[in-house]
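Enquirer: Make the full structure from the sequences, and use the hints.
These protein sequences, in sequence, are chains A and B. Mind the numbering: the first sequence is residues 132 to 475 in the working numbering, read in order. Mind the numbering: the second sequence is residues 132 to 475 in the working numbering, read in order.
Incorrect hints may appear among the rest.
[Stated by the list, open to error] Okay, derived cross-link-like pairs now, DSSO-like style, lysine-lysine, Cα gap no bigger than 27 Å in a straight line: (1) K432/A / K432/B; (2) K190/A / K472/A; (3) K331/B / K192/B; (4) K472/A / K198/A; (5) K273/B / K273/A; (6) K192/A / K331/A.
[As the list claims (entries may be wrong)] Heads up, incomplete: computed chain B residues facing chain A, CB under 8 Å, no partners named: (7) E297; (8) A299; (9) A405.
Derived from the structure by calculation, the hints contain no laboratory data. From the three backbone atoms N, C-alpha and C, an ideal C-beta is built for every residue, glycine too.
Protein chains: 2
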Amino acid sequence: MRSPMLTRSLLILGMPVLVLALGHATPPPDPRRAEVILTPGGAPRYAIAIHGGAGVISKAKIPDGGKAHLDSLRAALELGRSTLAAGGTSLDAVEKVVRSLEDDPLFNAGKGAVYDHDGMHELDAAIMDGRRLACGAVAAVKTVKNPISLARLVMERSPHVLLVGEGADRFAAEMGVARVGQDYFHTAHRYDEWQQELRKKRAGAPAGKSHGTVGAVALDRFGNLAAATSTGGTTDKLAGRVGDSPIVGAGTYADNRTCAVSGTGSGEEFIRHAVAHDIAALIEYRGATVQQAAESVVRGKLRPGDGGVIVVGRDGALALVFNSEGMYRGAADSAGRFEVKIWE
Amino acid sequence: MRSPMLTRSLLILGMPVLVLALGHATPPPDPRRAEVILTPGGAPRYAIAIHGGAGVISKAKIPDGGKAHLDSLRAALELGRSTLAAGGTSLDAVEKVVRSLEDDPLFNAGKGAVYDHDGMHELDAAIMDGRRLACGAVAAVKTVKNPISLARLVMERSPHVLLVGEGADRFAAEMGVARVGQDYFHTAHRYDEWQQELRKKRAGAPAGKSHGTVGAVALDRFGNLAAATSTGGTTDKLAGRVGDSPIVGAGTYADNRTCAVSGTGSGEEFIRHAVAHDIAALIEYRGATVQQAAESVVRGKLRPGDGGVIVVGRDGALALVFNSEGMYRGAADSAGRFEVKIWE
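Expert: Below you can see the structure in the form of structure tokens.
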């Protein structure tokens, strides 16, 4: 939303550039080039959304009305917001937010990751830079304290996009990132959840839907979008199972031309519907807003209860849409919005 | 293309169904329900396309004008065509074709897979059923003779979509599929290719683009689409590196509403552009034909030399599009088309 006065001054400022440009062969416009949106006050705009998982979040079971979770979300959101406000990049902001949620034992990523069928923790993460579609991801890593930072190193320091299993752990050793033993990831809460799941399965009850993810999407002052997602997967998953979080196009996507997306929910459903890329495609091919695109996919393609997404558009518009009982989430922008929520 | 007479008899046959339907609450039409296309002769239509990789395929280096490769492609194509002609499903047809190309030492999948940086073979594969978006994939498996069949078992016998590394090999053991030692995958040709790549890197030359993939897409007589892709990845890749082949939405996708796609080329580029899903999205959201959609993505989004795709639409239209020097490929349908090619 440009004010008339700003638009006019931009036109005037633009004139010498136009004249200069005519003197040279001009390259075709790059549709992915950052477009800095100026707010009426003249300050470049930034925006960020975060999530800490979606699913059956029972009000009765969460003590204090979710105060501990909301406090954690608030701290993570402020970390991202202040990074952007200080002129940091969206890539740095989403990595910092996801690192902080990985370190927080309340969420299913890094410390506090769920137990798999072998009683182990295997972690997945992805990060994507909307400026040039650069992306990095790791899956089924067992020794890395902050998988999201390893994903960023895959993006920046390897010719690859996705490294899995032992190979990814070896890459972590080469990169010198902080590594930990499996016991680091333990929390009593997740252990009990796993034991309960095992009892249910022994009794022939259908598998629960115990999952969770953390993620962040951001637009920075330079007009660049980024997305990051990290998870411990689903409780009692088979060893080697990979969900949507580290799959570019499923749980994570960012393209300056359209939007940045991070998803959370039933990973297999997010993969088969290519949820994150489908939202970007609705914006690219149908001209949908981020809200329309997110609702169309979450309500029109996923099954009720499957989960949700956070999306930021190139203009800083935010959409936080879910079809589950709740989604740990937060949103902030340069216009002063700052809120964290669990339920509607 | 229905004949007027066929259309009329279908209308007459449809009447009692309509009357019956009015007596019940009718479920909304399922857009993914198979729509059997009747050809003028009255026989249901089927179509299949296959590939054996794209890239720098030098005419000078391939003996016999590629006769051996063309013979292999012809045999694989006939296997798929006859499966469909006999009333087999598209899912069975693409699995059979890809299995036969995995067993063929000429192509980079199964026997004949490339060497990674550790001198090992790590294999990736995915299969997808367009009828219900069911999909299964494996990555970085080391002991499985036919990764595509393991991918199908992940789809049909596990609650998951993607299994990687050791966990996937253990799942293979549980499923009782044929397993082999690493030496099974060895071919002199791939070993020499790896040694040459190592020499180039030691000399400081840029990394080569030695990759390859096999894949198939098909429409069966029941109107269902399926896609399958399998690969050994890229020569001298890092242990644990996963390309686009097993990534649903990147190298493999199938949706009865739109198309089935299998890709081959620079895996990282296919992942960041979500190539297979992007082609489906162009058909869904822009009404593109399979040819238009494939060309738009391969020529408009990928870089020259990145590779190619094979696509089949719900009407049996085939598109085989690449921007590299060549692509091992074949196409057949119920109208009598049957051709295999390497270059334009």
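Enquirer: For every hint, state whether the structure bears it out.
Expert: Tested hints:
For a cut-off of 27 Å, the pair hint linking K432/A to K432/B stands: about 26 Å separates their Cα positions. The straight-line distance between the Cα atoms of K190/A and K472/A is roughly 13 Å, inside the 27 Å bound, and the hint therefore holds. A threshold of 27 Å between alpha carbons decides the hint, and for K331/B with K192/B the separation of about 18 Å falls inside it, so the pair holds. This hinted pair checks out: K472/A and K198/A have alpha carbons roughly 10 Å apart, not beyond 27 Å.
A C-alpha spacing of about 19 Å is found between K273/B and K273/A, which places the hinted pair at or below 27 Å, so the restraint holds. Under the criterion of a C-alpha separation no larger than 27 Å, the hint pairing K192/A with K331/A is consistent with the structure, at around 18 Å. Given hint, E297/B at the interface with chain A, holds; its Cβ is 6 Å from that chain's nearest Cβ, closer than 8 Å. The restraint placing A299/B at the interface with chain A holds, with a minimum CB-CB distance near 5 Å, inside the 8 Å limit.
Interface hint at A405/B: satisfied, since its Cβ lies 4 Å from the closest Cβ of chain A, which is below the 8 Å cut-off.
Figure legend: structure checked against the earlier numbered hints; every hint is met.
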